[in-house]
Amino acid sequence: MRLMIRRFWKRSDPLDYANRLWMKLFIGTVFILLYAPVILMMIFSFNDSRRNIVWRGFTTKYYEKAWNNDGLIDAFVNSLTIAAFNTVLATLFGAMIGLLLWRFRFPFKSAYDGFMALPIVIPEICMGVAMLAFFSRIGWPSDLPWPLNLSSIMIAHIAFSFPFVAIVVRARMAGFNRELEEAARDLGASQWQTFRDVIFPYMRPGLIAGALLAFTLSLDDFVVTFFTSGPETVTFPVKVYSMVRFSVTPEVNAASTVLVLITLVAATFMLRFQRPQEAGGP
Amino acid sequence: MQAYAPSFRPDRRGLMKAAGALAGLSLLPKGTLAAEDKQVNFYNWDTYIGETTLDDFTAATGIEVKLDLFADNDELFAKLREGNPGYDLIVPTNDFVERMLVAGILMPLDHDKIPNMSNLGANFRDASFDPGLKHSIPYMWGTIGVGYNTARTGDISKSWKHLYDSDQFAGQISLLGDGQNVIGHAMKYLGHSLNSTDIAHVKEAEELLISQKENIKVFADDNGQDLLASGEVVIAQEWNGDILQVMTEDDDISFYVPDEGGLIWQDCLCIPNDAPHPDNAHDLINYILDADAGAAIADFIQYATPNDAARAKLGPEYNENPAIFPPDETVARCEFQLYLGEEHVKNINDAWTRVQAA
Amino acid sequence: MESYHRNRRLFWLLAGPGSFWLLFFFLVPLGIVWTLSFGEKAVIDGQISITETEITWTLANYLRALADPVYLKIIWKSVWISVFATLLCLLIAYPVAFLISFTSPRRQAWLLLAVILPFWINLLIRTYALIAVFRTKGYVNFTLEWIYNGLWLDHLFGAFQPLELLYNNFAVVAGLVYVFMPFMVLPLYASIERLDRSMLEASLDLGAGQFTTFLRVTVPLTMPGIISGVILVFIPSLGSFLTADLLGGTNATMIGNVIERQFKAANDWPFGAALSFLLMYVTFGALALRAVISRQSGMPA
Numbered sequence: 001m002r003l004m005i006r007r008f009w010k011r012s013d014p015l016d017y018a019n020r021l022w023m024k025l026f027i028g029t030v031f032i033l034l035y036a037p038v039i040l041m042m043i044f045s046f047n048d049s050r051r052n053i054v055w056r057g058f059t060t061k062y063y064e065k066a067w068n069n070d071g072l073i074d075a076f077v078n079s080l081t082i083a084a085f086n087t088v089l090a091t092l093f094g095a096m097i098g099l100l101l102w103r104f105r106f107p108f109k110s111a112y113d114g115f116m117a118l119p120i121v122i123p124e125i126c127m128g129v130a131m132l133a134f135f136s137r138i139g140w141p142s143d144l145p146w147p148l149n150l151s152s153i154m155i156a157h158i159a160f161s162f163p164f165v166a167i168v169v170r171a172r173m174a175g176f177n178r179e180l181e182e183a184a185r186d187l188g189a190s191q192w193q194t195f196r197d198v199i200f201p202y203m204r205p206g207l208i209a210g211a212l213l214a215f216t217l218s219l220d221d222f223v224v225t226f227f228t229s230g231p232e233t234v235t236f237p238v239k240v241y242s243m244v245r246f247s248v249t250p251e252v253n254a255a256s257t258v259l260v261l262i263t264l265v266a267a268t269f270m271l272r273f274q275r276p277q278e279a280g281g282p
Numbered sequence: 001m002q003a004y005a006p007s008f009r010p011d012r013r014g015l016m017k018a019a020g021a022l023a024g025l026s027l028l029p030k031g032t033l034a035a036e037d038k039q040v041n042f043y044n045w046d047t048y049i050g051e052t053t054l055d056d057f058t059a060a061t062g063i064e065v066k067l068d069l070f071a072d073n074d075e076l077f078a079k080l081r082e083g084n085p086g087y088d089l090i091v092p093t094n095d096f097v098e099r100m101l102v103a104g105i106l107m108p109l110d111h112d113k114i115p116n117m118s119n120l121g122a123n124f125r126d127a128s129f130d131p132g133l134k135h136s137i138p139y140m141w142g143t144i145g146v147g148y149n150t151a152r153t154g155d156i157s158k159s160w161k162h163l164y165d166s167d168q169f170a171g172q173i174s175l176l177g178d179g180q181n182v183i184g185h186a187m188k189y190l191g192h193s194l195n196s197t198d199i200a201h202v203k204e205a206e207e208l209l210i211s212q213k214e215n216i217k218v219f220a221d222d223n224g225q226d227l228l229a230s231g232e233v234v235i236a237q238e239w240n241g242d243i244l245q246v247m248t249e250d251d252d253i254s255f256y257v258p259d260e261g262g263l264i265w266q267d268c269l270c271i272p273n274d275a276p277h278p279d280n281a282h283d284l285i286n287y288i289l290d291a292d293a294g295a296a297i298a299d300f301i302q303y304a305t306p307n308d309a310a311r312a313k314l315g316p317e318y319n320e321n322p323a324i325f326p327p328d329e330t331v332a333r334c335e336f337q338l339y340l341g342e343e344h345v346k347n348i349n350d351a352w353t354r355v356q357a358a
Numbered sequence: 001m002e003s004y005h006r007n008r009r010l011f012w013l014l015a016g017p018g019s020f021w022l023l024f025f026f027l028v029p030l031g032i033v034w035t036l037s038f039g040e041k042a043v044i045d046g047q048i049s050i051t052e053t054e055i056t057w058t059l060a061n062y063l064r065a066l067a068d069p070v071y072l073k074i075i076w077k078s079v080w081i082s083v084f085a086t087l088l089c090l091l092i093a094y095p096v097a098f099l100i101s102f103t104s105p106r107r108q109a110w111l112l113l114a115v116i117l118p119f120w121i122n123l124l125i126r127t128y129a130l131i132a133v134f135r136t137k138g139y140v141n142f143t144l145e146w147i148y149n150g151l152w153l154d155h156l157f158g159a160f161q162p163l164e165l166l167y168n169n170f171a172v173v174a175g176l177v178y179v180f181m182p183f184m185v186l187p188l189y190a191s192i193e194r195l196d197r198s199m200l201e202a203s204l205d206l207g208a209g210q211f212t213t214f215l216r217v218t219v220p221l222t223m224p225g226i227i228s229g230v231i232l233v234f235i236p237s238l239g240s241f242l243t244a245d246l247l248g249g250t251n252a253t254m255i256g257n258v259i260e261r262q263f264k265a266a267n268d269w270p271f272g273a274a275l276s277f278l279l280m281y282v283t284f285g286a287l288a289l290r291a292v293i294s295r296q297s298g299m300p301a
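If you read the protein sequences in the order shown, they are chains A, B and C. Counting from 1, one number per residue, gives the positions in the first sequence under the numbering used here. Counting from 1, one number per residue, gives the positions in the second sequence under the numbering used here. Counting from 1, one number per residue, gives the positions in the third sequence under the numbering used here.
Okay, chain A solo, but in the shape it has when bound:
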């Protein structure tokens, strides 16, 4: 017990917070809370019952069912396509606006700030209805071939997610030391070189955070997507919403479990791939 107390207060490196026992305990609890429902969902995807209530034996039939459910697979592919496209464009636009707001002073800046905050402030359902009215009034074509038929959903997703990215990037840049940039310029670097070698590396954690945010927002959006989707452009959340409202089917749990696994595999590859580059990074 005394050993534990001593470890608790040990101050070998005062900034080594990650190795503090109380920190580990706290983070451990948070992760348990975050993952308990997820793991439960995964377990119940093998449950031989249509409901998440009692365990009625092991089965993989819901994986088979999910695999053979064309509508579900289509929705899944649509969602990932939209989310990928959205992440790229929203991160790009958001980063640019974030840099703009951080760097420049210009007339009516507060008003512009408010304008950028609109998509965050607006209740989702109101935005959904606005998009529905907008696309039906301008007569946006709904019978384009895939993936162009997803364009109205993508447009809406980019519109509501890039301001989130802008906020994160701007908060990141707020701590940037402008003297670094000036020093680079004094040493003869061009504007582009300065951006590439000084500003961008500093911005990167903000970009990663922003991109994750944009991906998450798009992948999980139900309300706005519901109002912009048609019979050919159902996304995973829209599909799940109508299925789950009737019966919490393990089929949906199975599909979500697969989504988690795909994500993990993709992330592992990406992180392995990125490793050599990162050696020289901060």
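Please note that a few of the clues may not be correct.
Claimed, not checked - Straight-line alpha carbon distances no greater than 30 Å define the calculated DSS-like cross-link-like pairs of lysine-lysine that follow:
#1 B/K161 / A/K65
#2 C/K137 / B/K161
#3 C/K73 / B/K346
#4 A/K65 / B/K38
#5 B/K158 / B/K213
#6 C/K77 / B/K346
#7 B/K161 / B/K346
#8 B/K113 / B/K38
#9 C/K77 / B/K213
#10 C/K137 / A/K65
Think of the hints as simulated: they come from the structure by calculation, not from any bench.
Could you slot chains B and C onto chain A? The hints should help.
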């Protein structure tokens, strides 16, 4: 003054398509003169069609069915309100058929293309909400009633009282989550019509609900059957089919339609205006009304079918199940929900907001 | 910060795409709904139309929302629920973001992913899983009962009484935290990551304790991240409705639910639009207030 009438829409649409074609977005011409594509876009509730019905239909006709799902009538209506995004066949409930008829967004049906209409039972050849079935074909019908856990409630009288006016099951009651049904049945319990537009009756129901609120655990968003099955509540207001689903997994759960009467509903097959494949939609309606296909659907989803030829093919465990087909005298006490105009919809929803905020 | 005069080309390059997108694909659609909020249902042939709205520039929709105290009461309640959810989010997310920032870059990537992963599962599935965990016969209560009986407390105080964790305001707050957590973690991470460690070391060397250092050095330095996190959690949770729908009890209605009902069940788009804009005006008022306060206290916004 400026009204949002969508009269200019077709031109804009044409313009947009032209622009799209110019931009090189390979727009396949969807010939309006040529025969329809071999496709039909079916907008249905989840788990509300036979397991193989749609595949069988495709095998028989070569028409691909694109199935999309909605979760409630309000969503269906909101989605179609500003124009049809491309659905061919939808399944609204009777009061929404009426509402859509008033809004003028349903296409008249061509009965010559639906010869299997002759399979419909005598009671279903006409409808008060759509005289002559000009725009709708009955699909399934049922009731709203009370699901309860007999092991925990014991024998109880068949009344709405346990839900609306009693603290016997305090904290273990769930009501539905939409104002129309909750307030409608409160009025029914109070001895008025479900469809009463009398503002005093609505007020009375509102006050009853506010005083009962402390005993109610939750206004369940269409998952009362799960709450019942997991033991969270012992008595729940629900659609008969939902309770039936959990009755098959738990013998303690039972269902009744209260003696005061309740709601009877009928879901219908309709074709919305501007449907891209109306002929195929007629074919699908006709196929659903077929005796064998209809029997397979009814057997799988366990709702009451209006298709007599299909019923003839099913056994007594379906035809004589009182939770599917309530006795005639019970049905006689039930009412259809009517569409009673926008003013009434507003009164009900305002009362519902006050109940929830109280 | 420099004036846009000094580098006009860069200014327009950065401002162009985002502004264009927002203008055409957001402000125009929003404008449609905004005009709707000054409309009323059209009367055609003596009957109130279900689908047509006539823009008469009436203020009746706004007056209806302001005149009936029930709507302000619900807005007020939503504000409180969102405040609690935001605070709870901040209290949980700050240490998490802090820990992530203080590990090696490689572990950072993994930990970020680990925090974000649960949020890639559909919101509804997550919420239903949460219900399975927290319900009366759920896993939290099972665990508590097991501990309770294990400690022989059932012999002392009688049988275990399960906690009522669902269908109340607590459940809504917890549910919102479970929905909006990444919106807090990510901005915090982006701003803590750049924290200059030498400043913390200097503070500690000068004799300030860990706690003082945290309050006087760490928190002020990461304030931009805290503020953006708070904005990104508080505002969306104010307008959310699914969580309150699924986890709330009989009086957990939030303003988002009322707005949703106007667009769906009540089929009253003008009133729904008015309520939405009212909520937006309130939010913008609060944001402006924050800007004024932060300018007065010299805090970077």
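Verification of the supplied hints:
Between the alpha carbons of B/K161 and A/K65 the distance comes to roughly 42 Å, so the proposed pair goes past 30 Å and is violated. For the proposed pair C/K137 and B/K161, the alpha carbon gap of about 27 Å is at most 30 Å, so the pair holds. For the hint linking C/K73 to B/K346, the alpha-carbon distance of about 19 Å falls within 30 Å, and the restraint holds. The hinted pair formed by A/K65 and B/K38 meets the criterion: a straight-line CA distance of about 26 Å does not exceed 30 Å.
For the hint linking B/K158 to B/K213, the alpha-carbon distance of about 21 Å falls within 30 Å, and the restraint holds. Distance hint between C/K77 and B/K346 is fulfilled; the C-alpha atoms sit about 23 Å from each other, no more than 30 Å. Between B/K161 and B/K346 the CA atoms are separated by roughly 26 Å; this keeps the pair inside 30 Å, and the hint holds. Between B/K113 and B/K38 the alpha-carbon distance is near 17 Å, which keeps this suggested pair within the 30 Å criterion.
Taken as a hint, the C/K77 and B/K213 pair is honoured in the structure, with Cα atoms around 18 Å apart against an allowance of 30 Å. With a C-alpha separation of about 29 Å, the suggested pairing of C/K137 with A/K65 holds against the 30 Å cut-off.
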